[in-house]
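Numbering-wise (our numbering), the sequence shown opens with residue 1 and increments by one.
The set of hints was computed from the structure by calculation and includes no laboratory data.
Keep in mind it's a predicted model, so treat the numbers as computed, not measured.
Each statement offered as a hint is correct.
With a straight-line Cα cutoff of 25 Å, these simulated SDA-like cross-link-like pairs (lysine to any residue) come out: (1) K57 with Q41; (2) K67 with E28; (3) K87 with Q98; (4) K67 with D36; (5) K54 with S26; (6) K30 with K57; (7) K54 with I44; (8) K11 with E58; (9) K30 with K54; (10) K21 with P10; (11) K57 with A39; (12) K21 with I69; (13) K57 with K70.
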Amino acid sequence: MSKQPNKKDPKWLANALMSLKFFETSPEYKHEFKHDYFASQLGISKPTLYRCDKYMKEFQRVKDLLKEIKVDKSLSEGAPISGDNEKIAKLEAKVAEQAETISTLQLRLNDCYQILEDQGIDPEFVYPKRLKKHKEA
1 MSKQPNKKDP
11 KWLANALMSL
21 KFFETSPEYK
31 HEFKHDYFAS
41 QLGISKPTLY
51 RCDKYMKEFQ
61 RVKDLLKEIK
71 VDKSLSEGAP
81 ISGDNEKIAK
91 LEAKVAEQAE
101 TISTLQLRLN
111 DCYQILEDQG
121 IDPEFVYPKR
131 LKKHKEA
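Produce the entire structure from the sequences given, and follow the hints as far as they go.
Below is the structure:
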């Protein structure tokens with residue numbers, strides 16, 4: 001709840017309070033929230049800012065508010081990859097590799113069956129679906 005400047009207040013105070021309100025509503029810019037920013041934007045010195053009680057009270061209130069707020073990294077940097085995402089990516093790559101291996105082995109098995117049939121050998125006889133027990137053999 002920012003205080004409105006009186007007619008007795010200096011001209012820069014209205015702009016300073018508006019800037020403080022901006023920082024209060026836009027916490028993603030909290031890295032710029034310093035007295036240096038206000039001094040350069042308003043064209044006044046830091047001691048002038050320190051002497052103004054209204055400004056200092058409002059600055060301290062907004063500063064305490066911004067301390068409580070955690071701001072994520074900017075959108076341009078992208079989201080950090082957590083350990084779970086890395087594990088999932090590794091497992092997906094492993095599954096894709098195993099699926100490729102299975103398809104390659106299936107093609108080789110089909111080629112073997114085709115060679116056996118070309119030679120006049122029954123593939124079911126060579127590779128029975130159920131293996132016989134030791135006693136039956």
